[in-house]
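> Chains as they are written, first to last, in our numbering: chain A, 1 to 236; chain B, 1 to 236.
Calculated directly from the structure, the hints in this document are not laboratory data.
These numbers were taken from a predicted model, which means no experiment stands behind them.
Treat the hints with care, since some could be wrong.
Remember, identical chains collapse to one label, so a pair may be satisfied in a single copy or spanning two.
Once the Cα atoms are required to be at most 20 angstroms apart in a straight line, the calculated SDA-like pairs of lysine to any residue come out as [what the hints assert, rightly or not]:
id	residue 1	residue 2
1	Lys204	Ala137
2	Lys25	Leu13
3	Lys204	Leu160
4	Lys219	Gly28
5	Lys219	Glu76
Protein chains: 2
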Amino acid sequence: MLAIVAALSLNNLEAAMEELNCAIKDLGARGIQVFTNVNGRPLDDPQFEPLFEAMAAYDLPIWMHPARTADTSDYESEPQSRFELWWCFGWPYDTSIAMARLVFSGLFERYPSIKILTHHLGGMIPYFDERIGAGLAVLGSRTTDEDYSEVLSSLKRPHLEYFKMFFGDTAMFGGVIGLKSGVEFFGCDHVVFSTDAPFAPIEKTIAALEQLELTDADKKQIYRRNAEKLMNISFD
Amino acid sequence: MLAIVAALSLNNLEAAMEELNCAIKDLGARGIQVFTNVNGRPLDDPQFEPLFEAMAAYDLPIWMHPARTADTSDYESEPQSRFELWWCFGWPYDTSIAMARLVFSGLFERYPSIKILTHHLGGMIPYFDERIGAGLAVLGSRTTDEDYSEVLSSLKRPHLEYFKMFFGDTAMFGGVIGLKSGVEFFGCDHVVFSTDAPFAPIEKTIAALEQLELTDADKKQIYRRNAEKLMNISFD
Chain A
1 MLAIVAALSL
11 NNLEAAMEEL
21 NCAIKDLGAR
31 GIQVFTNVNG
41 RPLDDPQFEP
51 LFEAMAAYDL
61 PIWMHPARTA
71 DTSDYESEPQ
81 SRFELWWCFG
91 WPYDTSIAMA
101 RLVFSGLFER
111 YPSIKILTHH
121 LGGMIPYFDE
131 RIGAGLAVLG
141 SRTTDEDYSE
151 VLSSLKRPHL
161 EYFKMFFGDT
171 AMFGGVIGLK
181 SGVEFFGCDH
191 VVFSTDAPFA
201 PIEKTIAALE
211 QLELTDADKK
221 QIYRRNAEKL
231 MNISFD
Chain B
1 MLAIVAALSL
11 NNLEAAMEEL
21 NCAIKDLGAR
31 GIQVFTNVNG
41 RPLDDPQFEP
51 LFEAMAAYDL
61 PIWMHPARTA
71 DTSDYESEPQ
81 SRFELWWCFG
91 WPYDTSIAMA
101 RLVFSGLFER
111 YPSIKILTHH
121 LGGMIPYFDE
131 RIGAGLAVLG
141 SRTTDEDYSE
151 VLSSLKRPHL
161 EYFKMFFGDT
171 AMFGGVIGLK
181 SGVEFFGCDH
191 VVFSTDAPFA
201 PIEKTIAALE
211 QLELTDADKK
221 QIYRRNAEKL
231 MNISFD
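This is chain A alone, in the form it adopts within the complex (with noise of 0.2 angstroms):
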């Protein structure tokens, strides 16, 4: 079975939503793929809440992609990001932010069912988990110029935890040792395999899953059983 995934332009909610409707009721879609921020604005932002409503309901999986151009300089003496920087670290950088911008928006308590997968093994995030988990835990704890003393008690749980609810694919480019530390944080059940071809080798990400060691189970949960849970289809 195949399955098909509606890219959304967000730039007019109003429109989008019929849009998403039409692809997932008309079309069979099975799921959505928005980009990290919408003409500059956060994926938190109260505007785009229908669409998370709407997706938590139809309990279908959004695709959340990164969106920076090398116009996002890295330097302030330069106009540009140099050497492709800007997708080879600032994407999974713009990841990593709207990860932890959805999660302490309190996404996850209202929608504790959502499906978001991430690109790229979850960005930054496993290689920085205790940076997130006991490094943010001052939030609200120190000066800044905006109050966030009611962030972390907003959540009923450990910040933290709420990144294991995202989902990460395998599209690393082959590298093991990311992808053994994205199969560790996620675990195998929150772990969809990917690629990025034709950018990146197909053959050289299963090379590397087939290093990890892993059950037959939990290879089978990656390369198939996720996304077929992710929307509810079967690709027997």
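On the provided structure of chain A, position chain B as indicated by the hints.
The following block gives chain B in isolation, referenced to the frame of chain A:
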């Protein structure tokens, strides 16, 4: 034995070089600390070459600390980075970019024995090793505003290898996943014990290291021998 390291301001390089020589020759400093940018300029700007040349000649290490503040916003629609994410993810991002810039500018070709110590275990590098290795192998083969066709060919070795010439410290807030990945990427001879105390707990970092199933010799390298070798001193 105690050792001091000189925090060097680079806004005036001529004065900074005087200070550097004074700190090392007169005050006995065993290294210097710099930030990942100087008034918005990257460290691979040719004006900073004398600094790297001098430190390579002294055979003493450069500690490289990230530098961004909340003023680097994550979204065009917002004036500042929110929820303290500028340090949580922005600092490792800045470190990663600075590392890549030093590699692509050929620093390790010019000074093969230069010692640069990166904070937070090399930022994003270990998690995204093949995003750098296989991913950035396209550098120069696609149309961009700048001609990168001679960047990779100007390096004698595959570009990912140079990233392993940096040292990483263990200041990871006690996270085991990242620590394991970083040690695997850099190797036990390129990881130096560090904690970010008082911001992060010392005990938790030690506990994380003890979970890594390293040999006593490996651990001794990380806890002290690498620091001794970097600074050419003995703590005995």
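> Hint by hint, note whether the structure agrees.
Hint-by-hint comparison with the structure:
1. Taking CA atoms no more than 20 angstroms apart as the test, Lys204 paired with Ala137 passes between copies only; the shortest distance there is 15 angstroms, against 38 angstroms inside one copy.
2. When the C-alpha separation of Lys25 and Leu13 is checked against a cutoff of 20 angstroms, the pair qualifies only within one copy, where the shortest distance is 18 angstroms, while the shortest distance between copies is 64 angstroms.
3. In this assembly of identical chains, the alpha carbons of Lys204 and Leu160 lie at most 20 angstroms apart only when taken from different copies (17 angstroms versus 31 angstroms within one copy).
4. Taking CA atoms no more than 20 angstroms apart as the test, Lys219 paired with Gly28 passes in neither setting, with 28 angstroms inside one copy and 56 angstroms between copies.
5. With identical chains, the CA atoms of Lys219 and Glu76 are never at most 20 angstroms apart, being 45 angstroms at best within one copy and 40 angstroms at best between copies.
The structure does not agree with the numbered hints 4 and 5 stated previously, though it agrees with the rest.
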